[in-house]
Amino acid sequence: MGMLGWPHLLLIFAVVILLFGATKLPLLARSVGQSARAFKGEMRAMHDEDGTVPAPSASAGVDG
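Using my numbering, you'd call the opening residue of the sequence shown number 1 and step up by one each time.
A few of these clues could be false.
Unchecked claim - Pairwise CB distance ranges (calculated): (1) D48 x V16: 34 to 40 Å; (2) S35 x G5: 24 to 30 Å; (3) I12 x F39: 35 to 41 Å; (4) L19 x D50: 38 to 44 Å; (5) D48 x L19: 37 to 43 Å; (6) H47 x G5: 21 to 27 Å; (7) K40 x L9: 18 to 24 Å; (8) L25 x M3: 23 to 29 Å.
Worth flagging that the hints you see were computed from the coordinates, not collected in a lab. We treat Cβ as the ideally placed atom computed from N, Cα and C, and that holds for glycine.
Construct all of the structure, not just a fragment, from the sequences and the given hints.
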């Protein structure tokens, strides 16, 4: 309980298609992607202002 399974996600997707129509879905997806990118950028800016730098990835700085 509390986790969304595949049947739940398919039902939500079907409702979204019914509400917005198939022609508006690409615009909706693009808008959601741009919003997520903006949110991620603002979160990084907040971390940079606080002086906390995220840990480098495992592949960064590995010599061959």
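Outcome of the hint check:
Between D48 and V16 the beta carbons are some 35 Å apart, a value that agrees with the proposed interval 34 to 40 Å. Checked against the hint of 24 to 30 Å, the pair S35 and G5 passes, with Cβ atoms roughly 26 Å apart. Checked against the hint of 35 to 41 Å, the C-beta distance between I12 and F39 comes to roughly 21 Å, which is inconsistent with it. In this structure the hint that L19 and D50 lie 38 to 44 Å apart at CB holds, the actual value being about 39 Å.
Range check, D48 to L19: about 38 Å between beta-carbon atoms, so the 37 to 43 Å window is met. Between H47 and G5 the beta carbons are some 34 Å apart, a value that contradicts the proposed interval 21 to 27 Å. In this structure the hint that K40 and L9 lie 18 to 24 Å apart at CB holds, the actual value being about 23 Å. In this structure the supplied range 23 to 29 Å holds for L25 paired with M3, their Cβ-Cβ distance being about 25 Å.
Hint compliance for this structure: hints 3, 6 are not met, and every other hint is.
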